[in-house]
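Engineer: Those protein sequences? They're chains A and B, same order as listed. If you read the first sequence in my numbering, its first letter stands for residue 1, the second for the next number, and so on. If you read the second sequence in my numbering, its first letter stands for residue 1001, the second for the next number, and so on.
Note that these hints are calculated values from the structure, not bench results. Here a beta-carbon is modelled for each residue, glycine too, at the ideal position from N, C-alpha and C. Keep in mind that the hints are not guaranteed to be accurate.
Some chain A residues close to chain B (C-beta under 10 angstroms, calculated; not the full set) [as the list claims (entries may be wrong)]:
(1) G3
(2) H44
(3) A107
Covered by chain B, according to a simulated footprint, are these stretches of chain A (three or more residues, beta-carbon under 8 angstroms) [to be verified]:
(4) 8-16
(5) 20-26
(6) 30-41
(7) 79-89
Number of protein chains: 2
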Amino acid sequence: MQGLHLTADLAGCRAIELLTDSLALARRCREHTEAAGLRVVGEHWHRFPDLAPGQPGGMTGMLLLAESHVALHTWPELAGVTLDVYVCNYGEDNSAKARVLMTALVAMFGAQRVHEQALQRRRP
Amino acid sequence: MQGLHLTADLAGCRAIELLTDSLALARRCREHTEAAGLRVVGEHWHRFPDLAPGQPGGMTGMLLLAESHVALHTWPELAGVTLDVYVCNYGEDNSAKARVLMTALVAMFGAQRVHEQALQRRRP
């Protein structure tokens, strides 16, 4: 059960089209997750209603991993995204893979400002 | 985008049947989430393969919320669960609802030991 939980809150995202395009966002998240050596076992995405005509709403999405999960929430009206990458280290230490994936996701959005945090999860 | 992210890592869970019963677990998580005043917009659950005959594997599940997400991972062989409740406070402060929900989820599993943490998420 012990593991590493990384979060990143992004602002000033230059790849603004990704914040509302669920198909492209899901595909690229899967690609980055698999490239980091983590295994997707399920996913679910939700698009929020348009804020106004021509002003698309944000997305919420989650990838369930064999190693735990990835979660994303987008706020296109703020050019903002929040990211979670959580890996348990049951069987092997997946911390390096989690860091590689988070770096790739942050870069994908072209964020100008990033607030990153990390939690150690553990069996109490 | 600013919000509250609560985590809890549980051990010694007495409600051991919940750790492998996806239908009951999903139903009860939805009920607790809605009772806390949060809104489910999607969910996805995955059951891992049996560890051995008669020894069921764990579950991973996520509820997508209008306010962000809930995530659960169960380890029946360790009587352990990890929980995440993340609410953004866009429009209103949902922090109290998140705390109510986390308290209810921890109680539901009858955990004997709990390691709780909290992160403030924010626009950078």
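Engineer: Taking the hints in turn, state whether each one holds.
Structural biologist: Structure-based check of all given hints:
no., hint, result
1, G3, "holds (8 angstroms)"
2, H44, "holds (4 angstroms)"
3, A107, "violated (15 angstroms)"
4, 8-16, "holds (count 3)"
5, 20-26, "violated (count 0)"
6, 30-41, "violated (count 1)"
7, 79-89, "holds (count 5)"
Checked against the numbered hints given earlier, this structure breaks hints 3, 5 and 6; the rest are met.
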